[in-house]
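Participant: In case you want the letters, here they are:
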Amino acid sequence: MNCIADFFTYETTKSVVVKSWTIGIINRAVQLLIISYFVGWVFLHEKAYQVRETAIESSVVTKVKGFGRYANKIMDVSDFVTPPQGSSVFVIITKMIVTENQMQGVCPESEEKYSCVSDSQCQAERVASGGILTGHCVNYTSELRTCEIQGWCPAEVDTVEKPIMIEVENFTIFIKNNIRFPLFNFEKGNLLPNMTAAEIRSCRFHPDSAPYCPILKVGDVVKFAGQDFARLASTGGVLGIKIAWVCDLDKSWDLCTPKYTFTRLDGLSQKSRISPGYNFRFAKYYKTENGQEYRTLLKVYGIRFDVLVYGNAGKFNIIPTIISAVAAFTSVGVGTVLCDIILLNFLKGADHYKARKFEEVNETMLKVAASPNPMYCRDQTTEEKQSTDSGAYSMGH
Amino acid sequence: MNCIADFFTYETTKSVVVKSWTIGIINRAVQLLIISYFVGWVFLHEKAYQVRETAIESSVVTKVKGFGRYANKIMDVSDFVTPPQGSSVFVIITKMIVTENQMQGVCPESEEKYSCVSDSQCQAERVASGGILTGHCVNYTSELRTCEIQGWCPAEVDTVEKPIMIEVENFTIFIKNNIRFPLFNFEKGNLLPNMTAAEIRSCRFHPDSAPYCPILKVGDVVKFAGQDFARLASTGGVLGIKIAWVCDLDKSWDLCTPKYTFTRLDGLSQKSRISPGYNFRFAKYYKTENGQEYRTLLKVYGIRFDVLVYGNAGKFNIIPTIISAVAAFTSVGVGTVLCDIILLNFLKGADHYKARKFEEVNETMLKVAASPNPMYCRDQTTEEKQSTDSGAYSMGH
Amino acid sequence: MNCIADFFTYETTKSVVVKSWTIGIINRAVQLLIISYFVGWVFLHEKAYQVRETAIESSVVTKVKGFGRYANKIMDVSDFVTPPQGSSVFVIITKMIVTENQMQGVCPESEEKYSCVSDSQCQAERVASGGILTGHCVNYTSELRTCEIQGWCPAEVDTVEKPIMIEVENFTIFIKNNIRFPLFNFEKGNLLPNMTAAEIRSCRFHPDSAPYCPILKVGDVVKFAGQDFARLASTGGVLGIKIAWVCDLDKSWDLCTPKYTFTRLDGLSQKSRISPGYNFRFAKYYKTENGQEYRTLLKVYGIRFDVLVYGNAGKFNIIPTIISAVAAFTSVGVGTVLCDIILLNFLKGADHYKARKFEEVNETMLKVAASPNPMYCRDQTTEEKQSTDSGAYSMGH
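Protein chains in written order, with the numbering used here: chain A, 1 to 397; chain B, 1 to 397; chain C, 1 to 397.
Okay, chain A solo, but in the shape it has when bound (with noise of 0.2 angstroms):
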């Protein structure tokens, strides 16, 4: 019974109050200065009282839009938009470079840095820039011998300018991006329901006026990511086209809204020496009548689009309140060890402030009690021997 008498106590500690204007001053300043660095920064701008979801399900579906002409024909979005799928990273053509009916077989290389004057120039199986050297050395033109190749044949000629397919700068994009949020199981469309499908058609994005327009004029992506579309088109590049959804689900639906913004991803390449831009090869395959295999061989300079889709969201949760509402009742604690310092050694009667804050006991006086008289005089003790120790928080003597 007794024992659990013992139990049930409740221990505090027991404090000390300096009823002195500068220190008190001081203290309630430290704990306003607290409080409003929780209520204002960690509660209202941080929103410590919400869970916040940051694995965002996201699908990306963009369609390409525009006609241009390019070396005498009419090209559409199945011309130079590639991979055709509709994903989020695809590829515009502004350039093409062609090489028609390459076939199997030997020819000349076209690059002039394989000129020669003798078969013994060119040494047989060494891996040429359009193909394995033959080992012989055969006219390329009247006046140029260079080293012959076996390769797809004729050899490309990529050191032609080109020009651009400048359409493009008019070409629209249209993004259609769904996201969800699992864990609040919340669901939305970056086609906002208050715009109608009439204005959805006829928009053009715009940061200002139409933000949330999902189509995208390829013109204003290139300006808005802070590039020069006859450069970019020339060398080709990487723009990032960036969704972010940062949505505080306590507001209203209508809030969560998403917010575009625009940046080249390989902004260096711009200024290296070394393969500045973007370019790739691909062949599209054709079999003459008798079964021979030719090819047109294509190296084109393009625009990539990268659709990146980032966001976070956030809904009152008790948890994550409590947590931050005792983190911010205990944080408050901490201005005692600064009001500690300066009571205990800077403010006028530190001493007599020690000598009230700080008992002591020390192993003599341990010695004496444990002898035959225990009822030795305590305050007495303590009054004569006030500890001028301050722990933790007071400076040095």
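Be careful, since some hints might not be right.
Put simply, identical chains are the same to the list, so a pair is met inside one copy or across any two.
[As the list claims (entries may be wrong)] Simulated pairs of lysine-lysine, DSBU-like, Cα-Cα distance not exceeding 35 angstroms:
#: 1; residue 1: Lys217; residue 2: Lys113
#: 2; residue 1: Lys73; residue 2: Lys242
#: 3; residue 1: Lys63; residue 2: Lys113
#: 4; residue 1: Lys65; residue 2: Lys113
#: 5; residue 1: Lys299; residue 2: Lys113
#: 6; residue 1: Lys113; residue 2: Lys223
#: 7; residue 1: Lys284; residue 2: Lys242
#: 8; residue 1: Lys242; residue 2: Lys223
#: 9; residue 1: Lys217; residue 2: Lys287
#: 10; residue 1: Lys287; residue 2: Lys65
#: 11; residue 1: Lys299; residue 2: Lys217
#: 12; residue 1: Lys73; residue 2: Lys223
#: 13; residue 1: Lys259; residue 2: Lys47
#: 14; residue 1: Lys65; residue 2: Lys259
#: 15; residue 1: Lys315; residue 2: Lys63
#: 16; residue 1: Lys14; residue 2: Lys354
#: 17; residue 1: Lys217; residue 2: Lys259
#: 18; residue 1: Lys223; residue 2: Lys162
#: 19; residue 1: Lys251; residue 2: Lys63
#: 20; residue 1: Lys113; residue 2: Lys73
#: 21; residue 1: Lys217; residue 2: Lys73
#: 22; residue 1: Lys217; residue 2: Lys251
Calculated from the structure, these hints are not laboratory results.
Given chain A's structure and the hints, the job is docking chains B and C onto it.
Facilitator: Structure of chains B and C alone, referenced to chain A:
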């Protein structure tokens, strides 16, 4: 020497032990609550003793199998799956609008909104849906005259109603997914070793009866995502196959298993009137014997599958265990805040408890203390001037 | 006025200073340990004074170079790299099974398991490996009769053993990777400025001698990932090229460099008997002069490369510095828990320390205190009834 002795001291707070059943029970109850929370929630449920790895290395290889009949042809995987590389994102084509033998040239527009009576209605250089207007109004059929376009001719007619390839419902998707948690060097695949090769080849995924089977029927995936196959195949859509690996590596290796869930990723676009579903165009290029290029344009509707792999793993580690244990220990002290409020305000004899907890020092006393009589009777003063201030914890007077 | 004076007070805990070498040394040692942990681990190792950015913007452009001989043809990048766009995921084909001139029609199955004697063994409409069964049993070779299928004919024979393209081992992969930490607006590329253009063109990556060279030999990547080239090329597989950017932006710009590591991503599938390796099928489509479509079906084995970019960056910031410093300060107090346990339980004279630390108040005393004699001799009581309870910190009696 004295200085060193002063340094090696230990400072602990002086405490008041209240022997009261009321506050004692409240105190222990609050402590029990806090300890239960830490043991039950933080340690057992949230596994705070584990270090957690969220960066998962994943590789997905997919393979679709099946044959379908469409437009009097038997189609196989090479015909209806794109891109063919077996990556984590792929499209199974369910419907096609084929426009064969398009060549560069001029022809009338196929869409009714470009119908015209005279050339004046067809502004040259304007972009139409199939090419660029030439400015002429020509016969499309014997009854209808439309604007003439330059581009790939004949123009596509995509308003026709086409059937879907119903066999797609029975196609199977084989998913090979290998994951690795680099921090723990833990590797596992979704082909679990307790399944024989024959079992894996013959099984079909089902959330209850075959939750680890890596072969999924398309019709099942559509159903599990809550969609109707016929409607989805007709409009196209994007489905997500999510594979979650949530592993407790303190447990047996066998218990780290994948969990498959299914969702429609473009869920909202089915409600939207603007571009519901998923389709895209691509072309196959051919050449005539005399070298003229022509193409077959395909507008395809399909189901895009995105295989998304998530995961995290936890394993016991001494550092988070210590940190959590310390946090638990210190949090027990938070209960004191609540108990102090009760003790100093609401309990019978609250004033007396205050008198015991708080000891007052004020500036007036300091002046006296600084007087020639330093051995001022301390206890008496404090007894007479017991503070009634309760700091942050007692609420007002 | 009095109310305001009451408000501007400062409350600090009353402390007992124990002058004992034993506990003093333990106390300071524990404090030293905690401070060392914070300074050494939290501040110096974990860099808790920095704000950390884990969202990395990355763009990857890849380019493969090389020529291979396969099936009496010289193949170039356009022939054996797919998809051609130079994105972060691409396949280099190492082995091919080519089925030329397939047309829609009927023909016998090529697989032995579809061998038959009579039509009854060939159930019509069932799906076989090359098409849909017609229900007839026909001659495949002069000795073997198999079920007839409808589909692309002739059926593929994929059981033949084909050689691998050994030149792939010498192919090079050029990786252009630009990253950006949006929070710090820090941009960098893997073509480091201290390398000249000539150096970059001629170098080959090696973890020790050329760790920043952006050109990687395929054979090296395979070797660094711990694989055997001949076996990998024969079965196919998925390799990960991981580029890690872990940057301390407080240090010099030059010290933020990429680190390349290599791993086999489908590591477990090589042990599995079911579908080891990586292969897929695709088709090239042709048309005869009279408009009939035919195709070349390719079953290709290859090495898929996934370029994965990870990264995080840290930079000094005042807010995490303050938070960490406060956490360090308050954690020093945690040492008190341990010291109290030792002091009140294990130290010689523990009872005496308890008597000094704890002061007891109980309900009986309150009743007396509420009696007409409020100036009850406090010190005597506390002296006589020193608590032996040690709260949360002393362990039982």
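Participant: Now tell me, hint by hint, if it's right for this structure.
Facilitator: Structure-based check of each hint:
Taking the shortest alpha-carbon separations for Lys217 and Lys113, only the inter-copy value of 24 angstroms comes in at or below 35 angstroms, while the best intra-copy value is 42 angstroms. For a Cα distance limit of 35 angstroms, the shortest separation of Lys73 from Lys242 inside one copy, 33 angstroms, qualifies, whereas the shortest one across copies, 42 angstroms, does not. In this homomeric assembly, Lys63 and Lys113 come within 35 angstroms of each other (Cα to Cα) only across copies, at 21 angstroms, whereas the closest approach inside a single copy is 43 angstroms. Only between protomers do Lys65 and Lys113 lie at most 35 angstroms apart by alpha-carbon distance; the minimum there is 18 angstroms, versus 42 angstroms within a single protomer.
For a Cα distance limit of 35 angstroms, the shortest separation of Lys299 from Lys113 inside one copy, 20 angstroms, qualifies, whereas the shortest one across copies, 38 angstroms, does not. Taking the shortest Cα distances, Lys113 and Lys223 sit within 35 angstroms of each other only across copies (33 angstroms), while inside one copy they are farther apart (39 angstroms). Proximity of Lys284 and Lys242 under a CA criterion of 35 angstroms is satisfied in both settings, with 33 angstroms inside one chain copy and 32 angstroms between copies. In the homo-oligomer, the alpha carbons of Lys242 and Lys223 lie at most 35 angstroms apart both inside one protomer (15 angstroms) and across protomers (33 angstroms), since each shortest distance falls under that limit.
Proximity of Lys217 to Lys287 under the C-alpha cut-off of 35 angstroms is restricted to the inter-copy arrangement: shortest distance 34 angstroms between copies versus 39 angstroms within a copy. In this assembly of identical chains, the alpha carbons of Lys287 and Lys65 lie at most 35 angstroms apart whether taken from the same copy (31 angstroms) or from different copies (26 angstroms). In the homo-oligomer, the alpha carbons of Lys299 and Lys217 lie at most 35 angstroms apart both inside one protomer (25 angstroms) and across protomers (23 angstroms), since each shortest distance falls under that limit. For the homomeric pair Lys73 and Lys223, the shortest alpha-carbon distance inside one copy (27 angstroms) is at most 35 angstroms, but the shortest distance between copies (46 angstroms) is not.
In this homomeric assembly, Lys259 and Lys47 come within 35 angstroms of each other (Cα to Cα) both inside a single copy, at 20 angstroms, and across copies, at 33 angstroms. Taking CA atoms no more than 35 angstroms apart as the test, Lys65 paired with Lys259 passes inside one copy only; the shortest distance there is 23 angstroms, against 40 angstroms between copies. For the homomeric pair Lys315 and Lys63, the shortest alpha-carbon distance inside one copy (34 angstroms) is at most 35 angstroms, but the shortest distance between copies (40 angstroms) is not. For a Cα distance limit of 35 angstroms, the shortest separation of Lys14 from Lys354 qualifies both inside one copy, at 15 angstroms, and across copies, at 10 angstroms.
In the homo-oligomer, the alpha carbons of Lys217 and Lys259 lie at most 35 angstroms apart inside one protomer (16 angstroms), although the nearest pairing across protomers, at 38 angstroms, exceeds that limit. With identical chains, the CA atoms of Lys223 and Lys162 are at most 35 angstroms apart within one copy only, with a shortest distance of 23 angstroms there and 41 angstroms across copies. In the homo-oligomer, the alpha carbons of Lys251 and Lys63 lie at most 35 angstroms apart inside one protomer (32 angstroms), although the nearest pairing across protomers, at 44 angstroms, exceeds that limit. Taking the shortest Cα distances, Lys113 and Lys73 sit within 35 angstroms of each other both inside one copy (34 angstroms) and across copies (25 angstroms).
In this assembly of identical chains, Lys217 and Lys73 lie within 35 angstroms of each other by CA distance solely inside one copy; the values are 22 angstroms within and 40 angstroms between copies. In this assembly of identical chains, Lys217 and Lys251 lie within 35 angstroms of each other by CA distance solely inside one copy; the values are 32 angstroms within and 41 angstroms between copies.
In summary, the structure agrees with every hint in the numbered list given earlier.
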